[in-house]
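Given chain A, put chain B in place with the hints provided.
Chains as they are written, first to last, in this note's numbering: chain A, 1 to 322; chain B, 323 to 647.
I should point out that these hints are in silico values taken from the structure, not numbers from a laboratory.
The beta carbon of each residue, even a glycine, is placed where N, CA and C say it ideally should be.
Accuracy of the hints is not assured; some may be wrong.
[As the list claims (entries may be wrong)] Derived pair list, reagent style DMTMM-like, types lysine to aspartate or glutamate, alpha-carbon separation capped at 20 Å:
id, chain 1, residue 1, chain 2, residue 2
1, A, Lys268, B, Glu368
2, A, Lys241, A, Glu204
3, B, Lys639, B, Glu568
4, A, Lys18, B, Glu481
5, B, Lys592, A, Glu197
6, A, Lys241, B, Asp404
7, B, Lys592, A, Asp264
8, A, Lys241, B, Glu587
9, A, Lys127, A, Glu197
10, A, Lys268, B, Asp532
11, A, Lys268, B, Glu481
12, A, Lys268, B, Glu529
13, B, Lys435, B, Glu473
14, B, Lys592, A, Glu129
15, A, Lys268, B, Glu568
16, A, Lys127, B, Asp550
17, B, Lys592, A, Glu243
18, A, Lys268, B, Glu473
19, A, Lys241, B, Glu567
20, A, Lys241, B, Glu481
[Claimed, not checked] Just the calculated beta-carbon pair ranges, DEER-fashion:
id, chain 1, residue 1, chain 2, residue 2, range
21, B, Asp550, A, Thr121, 54 to 62 Å
22, B, Lys401, A, Phe109, 27 to 35 Å
23, B, Ser345, A, Ser126, 54 to 62 Å
24, B, Gln365, A, Thr267, 16 to 24 Å
[Stated by the list, open to error] If you want the ones that stay clear, here's a sample from chain A, every Cβ over 10 Å from chain B, calculated:
id, residue
25, Thr12
26, Arg68
27, Phe98
28, Tyr150
29, Thr267
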Amino acid sequence: MADPVLQLEDLTVRFHLKRGQLTAVEGVTLTVHRSETFGLVGESGSGKTVTARSVMRLIPIPPGEIVRGRILFEGENVLHKTDSQMRQLRGQKIAMVFQEPMSALNPVFTVGSQIADALRTKLGMSKKEAKARVIELLSLVGIPSPASRYDNYVHEFSGGMRQRVMLAMALCCDPTFLIADEPTTALDVTIQATILELIRSMIERFHMSLIFITHNLGVVAHTCDTIGVMYASHLVELGTKNELFAHPLHPYTVGLLNSIPRLDTRTKYLTPITGSVCNMLEPPQGCKFHPRCAHAMDICTQAIPPLREVAPGHFVACHLHT
Amino acid sequence: MSDYFLEVQHLTKYFPLNNDVISRLTGKTHTLKAVDDISFFIQQGETLGLVGESGCGKSTTARLVTRLIEPTSGAILLKGEDLLALPSSRMLEMRKTVQLVFQDPYSSLNPRKTVMQILSRPLEVHHLAHGWAAKRRHVLHLLRLVGLGVEHADRYPHEFSGGQRQRLAIARALAVNPQLIIGDEPVSALDVSIQAQILNLFRELQEEFDLTYLFIAHDLSVIRHISDRVAVMYVGKIVETGAVEEIFTHPLHPYTHALLAAVPEADPGKPPPRLTLHGELATPVDPPPGCCLYGRCPLATEICSQVAPPLSDRGGKHYVACHNV
Chain A
1 MADPVLQLED LTVRFHLKRG QLTAVEGVTL TVHRSETFGL VGESGSGKTV TARSVMRLIP
61 IPPGEIVRGR ILFEGENVLH KTDSQMRQLR GQKIAMVFQE PMSALNPVFT VGSQIADALR
121 TKLGMSKKEA KARVIELLSL VGIPSPASRY DNYVHEFSGG MRQRVMLAMA LCCDPTFLIA
181 DEPTTALDVT IQATILELIR SMIERFHMSL IFITHNLGVV AHTCDTIGVM YASHLVELGT
241 KNELFAHPLH PYTVGLLNSI PRLDTRTKYL TPITGSVCNM LEPPQGCKFH PRCAHAMDIC
301 TQAIPPLREV APGHFVACHL HT
Chain B
323 MSDYFLEVQH LTKYFPLNND VISRLTGKTH TLKAVDDISF FIQQGETLGL VGESGCGKST
383 TARLVTRLIE PTSGAILLKG EDLLALPSSR MLEMRKTVQL VFQDPYSSLN PRKTVMQILS
443 RPLEVHHLAH GWAAKRRHVL HLLRLVGLGV EHADRYPHEF SGGQRQRLAI ARALAVNPQL
503 IIGDEPVSAL DVSIQAQILN LFRELQEEFD LTYLFIAHDL SVIRHISDRV AVMYVGKIVE
563 TGAVEEIFTH PLHPYTHALL AAVPEADPGK PPPRLTLHGE LATPVDPPPG CCLYGRCPLA
623 TEICSQVAPP LSDRGGKHYV ACHNV
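Chain A extracted, bound-state conformation (with noise of 0.2 Å):
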């Protein structure tokens, strides 16, 4: 677990629009290490996302803008690379699964077909050396009867078949670092339980790290060795599973479990967090969750809390904990 692959130090994302400026992620300071599940949770428009597409290099340049800090990838800094030092890096090293796989695979070409691009350009196969290893691949995701389907589209395949294919996509160059963005937001429970399971196989079969998106707190809880929570560009919340579940320090991390019904207990009211995420356009001075804050105090609308550990392991990003 030492052996830190990606560490992320200061990121701060900003995009240049019309409306304004909108700063998508900001001082965002996280570590990966070898064979770890991370897990980044926050709710819609948190920055999860841009987070972890910045370190593919896919945030659009302009309107984006990687403002400051390092993305260390294996040592190196990811923002130095040049465009086919990059190219290079996509898919063998680091592969990305997203969450609406109809829109991520084209519509236009046999699923067979696309994977099988991938591998003859990133590894240099021959036309039937890849066609083999697509198949093979197929199989080994769970595609029944994988040399039929091969040549299929992919509006033939149902939701959790699709996203099978964009795992077998993933992983086909033999990536170490996989980044797995609401792979599963888009299906029905039975069907999420089954591509969890998938993944969490693939990634101890292969060694793999794993960074997941996810709304889902219940997702998480199952999924990942450690957690991270993001509230409005910020990393407000850090620490291994068992330790952010049972004793989540943030307000936020609290608010959210709170808001969840659970299956096992029944409450009349839930207690929800109140107010709603600050416009992002127009963010609050000082804290960003102070406006929703039931403990906030007056420095909460002044200085940004930096995040600090508060035990082992456990960072929190809060003027409450210091």
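For chain B alone, kept in the frame of chain A given last:
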């Protein structure tokens, strides 16, 4: 006469596919059995949660009950009166009793109308308020009811967040003083912290106005929270129904078991989600005879492929459609 507030009997909706002349002549027509002979009831003041995966017929059921689409067969009794037999002149009156809240508040509110216009429209249709001042008073009252400030009355939908929009959609449903509100996945598009606010709002309104709810969701923890009784749907059929505690603590149908086991709970101490069924969701297009779960079910026997099991009472108004439990 029925004692229930809403009673649905043998409700069925088939959609013909490939129904053009050539297909009919060559016998290549197909039938999508979206809702296949379902029966359920709701008592005054209670919440029936309808749960199931995408494509199981939940939304079609909601649309049938409000007569937004016409069923193939069946009966819908609202306070003992068959809605399907009502002349269109009396349908307007019925619509005052039953209101719908849709899933996506981004498409259910007209972007070109102000909140005032959106909320006063039902008042006009049902002749509930005359004159600008009366309508204005009513609209401001509605906004306060759903926890929005009166200063919002002259804004457009795009000025609101998702949660606030859903509050507006609820306010619109409340405008006509309905007795039954059908929520078609009303919290699915919302973030958890907002979802909790809206679930609380539904509950507060129910207490205040003695509302009856038909609440549709695919999220089992939401269903468990909001419902008094639950009906589980799978491929157009209700496979299990009963009191919420019964269903969640003693599920009987293999599909209900599978659904519950697949939910990842936000507690690392709980068992991880797993799937107890094999294969893919069955298709509602030309389904074979027999149980809809046949082929995926671990308990399946010979009879399951031949005869569709009827819902039968297992005591305490807990009904299950399965041959083997």
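Outcome of the hint check:
With a C-alpha separation of about 14 Å, the suggested pair Lys268(A) and Glu368(B) falls inside the 20 Å cut-off, and the hint holds. Distance restraint check for Lys241(A) and Glu204(A): the Cα-Cα separation of roughly 18 Å lies within the 20 Å cut-off, and the hinted pair is therefore satisfied. Using a Cα cut-off of 20 Å, the hinted pair Lys639(B) and Glu568(B) holds, with the two alpha carbons roughly 10 Å apart. Taken as a hint, the Lys18(A) and Glu481(B) pair is honoured in the structure, with Cα atoms around 17 Å apart against an allowance of 20 Å.
Taken as a hint, the Lys592(B) and Glu197(A) pair is honoured in the structure, with Cα atoms around 16 Å apart against an allowance of 20 Å. At most 20 Å may separate the alpha-carbon atoms for a hinted pair to count; Lys241(A) and Asp404(B) exceed this at roughly 54 Å. A threshold of 20 Å between alpha carbons decides the hint, and for Lys592(B) with Asp264(A) the separation of about 10 Å falls inside it, so the pair holds. For the hint linking Lys241(A) to Glu587(B), the alpha-carbon distance of about 13 Å falls within 20 Å, and the restraint holds.
Taking the CA atoms of Lys127(A) and Glu197(A), the gap is near 31 Å; set against the 20 Å cutoff, the hint is violated. A hinted pair counts as satisfied when its Cα atoms are at most 20 Å apart, and Lys268(A) with Asp532(B) qualifies at roughly 15 Å. Only pairs whose Cα atoms come within 20 Å are accepted, and Lys268(A) paired with Glu481(B) is rejected, the gap being roughly 31 Å. For the given pair, Lys268(A) sits about 11 Å from Glu529(B) by alpha-carbon distance, which is consistent with the 20 Å threshold.
For the hint pairing Lys435(B) with Glu473(B), the CA-to-CA distance comes to about 16 Å; that is within 20 Å, so the pair holds. Restraint check for Lys592(B) and Glu129(A): the C-alpha separation of about 44 Å exceeds 20 Å, so the hint is violated. For a cut-off of 20 Å, the pair hint linking Lys268(A) to Glu568(B) stands: about 18 Å separates their Cα positions. With a C-alpha separation of about 59 Å, the suggested pair Lys127(A) and Asp550(B) falls outside the 20 Å cut-off, and the hint is violated.
A hinted pair counts as satisfied when its Cα atoms are at most 20 Å apart, and Lys592(B) with Glu243(A) qualifies at roughly 15 Å. Under the criterion of a C-alpha separation no larger than 20 Å, the hint pairing Lys268(A) with Glu473(B) is inconsistent with the structure, at around 30 Å. For the hint linking Lys241(A) to Glu567(B), the alpha-carbon distance of about 30 Å lies beyond 20 Å, and the restraint is violated. With a C-alpha separation of about 37 Å, the suggested pairing of Lys241(A) with Glu481(B) is violated against the 20 Å cut-off.
Asp550(B) and Thr121(A) have their C-beta atoms about 58 Å apart, which keeps the hinted 54 to 62 Å range intact. For Lys401(B) and Phe109(A), the Cβ-Cβ distance of about 56 Å falls outside the hinted range of 27 to 35 Å, so the restraint is violated. A C-beta distance of roughly 44 Å is found between Ser345(B) and Ser126(A), which places it outside the suggested range of 54 to 62 Å. Between Gln365(B) and Thr267(A), the C-beta spacing of about 22 Å keeps the proposed range 16 to 24 Å intact.
At roughly 24 Å from the closest C-beta of chain B, the C-beta of Thr12(A) stays outside 10 Å, upholding its exclusion from the interface. The beta carbon of Arg68(A) is kept farther than 10 Å from every beta carbon of chain B, the shortest such distance being approximately 28 Å. Under the 10 Å C-beta cut-off, the non-interface status given to Phe98(A) relative to chain B holds; the minimum distance is some 19 Å. The beta carbon of Tyr150(A) is kept farther than 10 Å from every beta carbon of chain B, the shortest such distance being approximately 19 Å.
With a cut of 10 Å on Cβ distances, Thr267(A) falls inside the contact zone with chain B, its closest approach being about 8 Å.
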